[in-house]
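Student: Listed below are the residues making up each chain.
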Amino acid sequence: METFKIIIDGKECEAYPGETVLEVAERHGIVIPVFCHHKELRPEGACRVCLVEVEGAPRLATACTLKAMPDMVIRTDTERVKRARKGVIELILNNHTLECPICDKSGECELQMTGFRHGPKKSRYKEPRREKDIVIKGPLIEIDNDRCILCRRCVRMCGENMGNRVLGILRRGYQAYISPFNGDFLESGCEHCGSCIDVCPVGSLLDRAFKYKDRPWRMTKTWTTCTLCGTGCRMEVDTYHERIKRVVGRIGVNDGHNRGYLCVRGKWGWDIVYTDKRLKKPLLREGEDLKEVSIDEAIEILKEKVLNRKVNLFIESSLTNEELTRLAAIFGTENVASDALPYQEALTGVAEITGRFDTDKLSVIYDAEIIFVIGDFIEEIKADSTTLFSNNLLI
Amino acid sequence: MEKLLLRNVDKENSHTIEAYLRSGGYSALRKVLKEMTPEDVIEEVKRSGLRGRGGAGFPTGMKWEFAAADLKEPKYMVCNADEGEPCTFKDRIIIEKDPHSMIEGMIIGAYATGCRYGYIYIRGEYPIGRKILERAIAESYDKGFLGENILGTDFSFDLYVHSGAGAYICGEETALINSLEGRRGEPRIKPPFPVNAGYLWNPTVVNNVETLANVPLIIERGGEWYASIGSPDCPGPKLFPVSGKVKRPGVYELPMGTPLSEIIYEHAGGIINDRKLKLVFPGGASSSCLTADEIDVPMDFPSLAKAGTMLGSGAIMVLDETDCVVRAALRLIEFFRHESCGKCTPCREGTDWLVRIMRRIENGQAGEEDLDVILSISETMENSFCGLGMAAHNPVASTVKKFRDEYLEHIRLGRCPFRSS
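Protein sequence lines, in the order shown, are assigned to chains A and B. Residue numbering for the first sequence follows the working numbering, starting at 1 and increasing by one per position. Residue numbering for the second sequence follows the working numbering, starting at 1001 and increasing by one per position.
I should point out that these hints are in silico values taken from the structure, not numbers from a laboratory. Warning: the hint list may mix true and false statements.
Computed list of lysine to any residue pairs in SDA-like fashion (alpha-carbon distance at most 25 Å, straight line) [to be verified]:
| # | chain 1 | residue 1 | chain 2 | residue 2 |
| --- | --- | --- | --- | --- |
| 1 | A | 121 | B | 1025 |
| 2 | A | 121 | A | 77 |
| 3 | B | 1003 | B | 1025 |
| 4 | A | 122 | B | 1027 |
| 5 | B | 1190 | A | 61 |
| 6 | B | 1190 | A | 305 |
| 7 | B | 1190 | A | 75 |
| 8 | B | 1072 | B | 1059 |
| 9 | A | 361 | A | 305 |
| 10 | B | 1190 | A | 319 |
| 11 | A | 67 | B | 1202 |
| 12 | B | 1190 | A | 42 |
| 13 | A | 5 | B | 1073 |
| 14 | A | 39 | A | 305 |
| 15 | B | 1046 | B | 1227 |
| 16 | A | 126 | B | 1382 |
| 17 | A | 67 | B | 1382 |
| 18 | B | 1003 | B | 1037 |
| 19 | A | 82 | A | 10 |
| 20 | A | 39 | B | 1190 |
| 21 | A | 67 | B | 1148 |
| 22 | A | 122 | B | 1373 |
| 23 | A | 305 | A | 273 |
| 24 | A | 132 | B | 1003 |
| 25 | A | 126 | B | 1411 |
| 26 | B | 1402 | B | 1303 |
| 27 | A | 126 | B | 1415 |
| 28 | B | 1034 | B | 1074 |
| 29 | B | 1072 | B | 1036 |
| 30 | A | 213 | A | 250 |
| 31 | B | 1072 | B | 1148 |
| 32 | A | 5 | A | 28 |
| 33 | B | 1003 | B | 1072 |
| 34 | B | 1190 | A | 73 |
| 35 | B | 1072 | A | 55 |
| 36 | A | 281 | A | 319 |
| 37 | A | 121 | B | 1068 |
The whole structure should be built from the sequences, with the hints applied where relevant.
Tutor: Listed below in structure tokens is the structure:
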């Protein structure tokens, strides 16, 4: 693609057509503070923090909505820009509750960081803090509107990227607040993907399972793959003293094929690790009692019982490759049935017509122009694929 | 001066098509459809120098030209009848007394720009206006001025009325389009401008009622005649709604560039009880105020911009010496706080903060440093998303600058000097 040059803070930057100034600056390591903009979302221009000075323009412009044009000269560090930025951050902070000590986001809060770097050092606000006192609790998500800075990332994430349109803004002006449309998450059709929590720059959208559980800065962050189905989404598991506290997708940072989008299972399903119903070792029934045995022992016993009998193995289609390899090693690959069989037949049929049929990486969905969905219960078996689909279709 | 925009309003049943036809109505449309190409119409409007009467003063001919140049179909013509500014009631008189002049202007505009469908977005508080418009549109359909193949030509145009739900912000063109689409009434990012991506992301021409009412005049009598009226930079007749402490408040039709003092003292009859004039808001509630010494300014876009304020909708609000400036500014900023959509931070938080400070000043609980805070908030609000936030601080900031003594008086006395208790 053809590129052109723009100058930001005296530094020559390469820009692609259609890029915004903010994107160009980010790529070249120039930090412009912003709340409403998110890498995965369309520009909104609502928070007015990313103001920059454009040579030749009378007003300051927001970098997140400003398209880069050849030979543009941008300044992000003049006194005028700093003063305007400080003014806007002051306005945001005026009525923001100072609940940082008990806020889940404290430590990874964008308002804290931006306020620290670019905000005013002293507030001039003498009025009593305006309290909305509207807390909306769903089964897994909670919205605390007093902490909300109305950047609308969650609204856009829910409506534009996930295609759910659960979250919206009620009332207007200084009374505006975020809410599911009829005040209830379940009734509004929330799928609990948790993407809104992930993109919230402050502690307004909360993971209820994590609320008051731990502090972000002292947890160990481990990047891993979700094992709850075969899709293999990448996610960050936060632990403290080797105990899982929460799972986050980190939309915009995550480089897995799911790009940080998780489903309800991935986001909140981690608690099965600690359930008392979970089998940690194979159990052998002896009369009334159950005896713990080792896994090899268990397999031997199993082999004894099934050997020389007509055995069929029925496996679920969402098992991971590792699980399948293990099963194949023990039971061989004969006499295996799966609910994926009809799909295989369908795919064979397709292959007969087209000549070949290769499976591809899941992330190619993002580049597809048309997606054929074969089998309509895909929502039930692959919550994450649905997320990918809706994400792709609605962007 | 000869009445042009208000030529019909005094006639009996002026809102009916019979009365409008009797006074030569729809002859401009006939002329356009029979004798002129769309390019001719745009050329004529450009020659007239007509500038939008809604507040921004964008040249109408240029807007039409941009829309006509866009290739996307279908195109939409939207009439902005969401006249929400306090003390503005100029469009109402056209809607209620002479709706056909505006409908005719709209059809001509649609022909010039190639629009297939039209919407009149009328504010929710004008239910009578809505009824009159609906009736007028039905009459136009009956006479064949609307619908398919208008007057036997290939040109078709359908017109609908859409009622707003009472939000001031929907007078902003992109918010109006959002509202028309059924979304939340909030401004969109510009660019792309509505002429390229408006209603349903198709090219959309948004014109004010008064602008459209000017169009038949321009076609009938020619752009050059129109350009000779009023000030040369932005010519034409203009409706000035005058309200406040004047002897004869009302809508006055005068050429652009009429001095403000002439409007107040000659046409509106001067101040009630011949008291002294204190300040004037020359362009609606969101304009900066002018003091008694500054009112010799001609009422047109460039002159008022030079005077540090703006023409806006042309609504003149007059306050006399018995009025409290702080109270007036408080009332106006309360309006803007209520009407801010809440999308951008400066407008949402700035208006609320200003209201709170102004209330303290009015109640005598403020300090002198609060005035500096007001000016600094107003500076931040300049960076708002849309025109509402950019202008909302004007009544407060301008009065603080020009009537600082009165503010200090409030602070010193600890109460409002204009109230007895």
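Student: Are the hints correct? Go through all of them and say.
Tutor: So, going through the hints one by one against the coordinates:
At most 25 Å may separate the alpha-carbon atoms for a hinted pair to count; residue 121 of chain A and residue 1025 of chain B exceed this at roughly 65 Å. Distance restraint check for residue 121 of chain A and residue 77 of chain A: the Cα-Cα separation of roughly 18 Å lies within the 25 Å cut-off, and the hinted pair is therefore satisfied. Among the hinted pairs, residue 1003 of chain B with residue 1025 of chain B is consistent with the structure: their alpha-carbon atoms are about 15 Å apart, no more than 25 Å. Under the criterion of a C-alpha separation no larger than 25 Å, the hint pairing residue 122 of chain A with residue 1027 of chain B is inconsistent with the structure, at around 66 Å.
The hinted pair formed by residue 1190 of chain B and residue 61 of chain A meets the criterion: a straight-line CA distance of about 11 Å does not exceed 25 Å. In summary, the hint linking residue 1190 of chain B to residue 305 of chain A is not supported, as the alpha carbons are separated by about 73 Å, beyond the 25 Å threshold. Of the pairs offered as hints, the one joining residue 1190 of chain B and residue 75 of chain A holds, with about 21 Å between alpha carbons and a cut-off of 25 Å not exceeded. Our distance criterion of 25 Å between C-alpha atoms is met by residue 1072 of chain B and residue 1059 of chain B, whose separation comes to about 22 Å.
Restraint check for residue 361 of chain A and residue 305 of chain A: not satisfied, since their Cα atoms lie roughly 39 Å apart, outside the 25 Å limit. The straight-line distance between the Cα atoms of residue 1190 of chain B and residue 319 of chain A is roughly 49 Å, outside the 25 Å bound, and the hint therefore fails. Under the criterion of a C-alpha separation no larger than 25 Å, the hint pairing residue 67 of chain A with residue 1202 of chain B is consistent with the structure, at around 21 Å. Taking the CA atoms of residue 1190 of chain B and residue 42 of chain A, the gap is near 14 Å; set against the 25 Å cutoff, the hint holds.
Between residue 5 of chain A and residue 1073 of chain B, the direct Cα distance comes to roughly 35 Å. Violation of the 25 Å bound is thereby established for this hinted pair. Proximity of residue 39 of chain A to residue 305 of chain A is assessed by CA-CA distance (about 56 Å); at most 25 Å being required, the pair is judged violated. Restraint check for residue 1046 of chain B and residue 1227 of chain B: satisfied, since their Cα atoms lie roughly 10 Å apart, inside the 25 Å limit. With a C-alpha separation of about 22 Å, the suggested pairing of residue 126 of chain A with residue 1382 of chain B holds against the 25 Å cut-off.
Under the criterion of a C-alpha separation no larger than 25 Å, the hint pairing residue 67 of chain A with residue 1382 of chain B is consistent with the structure, at around 21 Å. With a CA separation close to 29 Å, the supplied pair residue 1003 of chain B and residue 1037 of chain B exceeds the 25 Å bound. Proximity of residue 82 of chain A to residue 10 of chain A is assessed by CA-CA distance (about 17 Å); at most 25 Å being required, the pair is judged to hold. This hinted pair checks out: residue 39 of chain A and residue 1190 of chain B have alpha carbons roughly 20 Å apart, not beyond 25 Å.
With a CA separation close to 41 Å, the supplied pair residue 67 of chain A and residue 1148 of chain B exceeds the 25 Å bound. At most 25 Å may separate the alpha-carbon atoms for a hinted pair to count; residue 122 of chain A and residue 1373 of chain B meet this at roughly 13 Å. Of the pairs offered as hints, the one joining residue 305 of chain A and residue 273 of chain A is violated, with about 30 Å between alpha carbons and a cut-off of 25 Å exceeded. With a CA separation close to 53 Å, the supplied pair residue 132 of chain A and residue 1003 of chain B exceeds the 25 Å bound.
Restraint check: the Cα-Cα separation between residue 126 of chain A and residue 1411 of chain B comes to about 16 Å, which is no more than 25 Å; the hinted pair holds. For the hint pairing residue 1402 of chain B with residue 1303 of chain B, the CA-to-CA distance comes to about 19 Å; that is within 25 Å, so the pair holds. The hinted pair formed by residue 126 of chain A and residue 1415 of chain B meets the criterion: a straight-line CA distance of about 19 Å does not exceed 25 Å. As the CA atoms of residue 1034 of chain B and residue 1074 of chain B are separated by approximately 23 Å, the hinted pair is consistent with the 25 Å bound.
Distance hint between residue 1072 of chain B and residue 1036 of chain B is fulfilled; the C-alpha atoms sit about 23 Å from each other, no more than 25 Å. About 19 Å separates the Cα atoms of residue 213 of chain A and residue 250 of chain A, which keeps this hinted pair within 25 Å; it holds. With a C-alpha separation of about 20 Å, the suggested pairing of residue 1072 of chain B with residue 1148 of chain B holds against the 25 Å cut-off. Taken as a hint, the residue 5 of chain A and residue 28 of chain A pair is honoured in the structure, with Cα atoms around 12 Å apart against an allowance of 25 Å.
A distance of roughly 39 Å separates the Cα atoms of residue 1003 of chain B and residue 1072 of chain B; the hinted pair therefore is violated under the 25 Å criterion. Taking the CA atoms of residue 1190 of chain B and residue 73 of chain A, the gap is near 20 Å; set against the 25 Å cutoff, the hint holds. About 33 Å separates the Cα atoms of residue 1072 of chain B and residue 55 of chain A, which puts this hinted pair outside 25 Å; it is violated. A C-alpha spacing of about 20 Å is found between residue 281 of chain A and residue 319 of chain A, which places the hinted pair at or below 25 Å, so the restraint holds.
Taking the CA atoms of residue 121 of chain A and residue 1068 of chain B, the gap is about 52 Å. The hint is violated against a cut of 25 Å.
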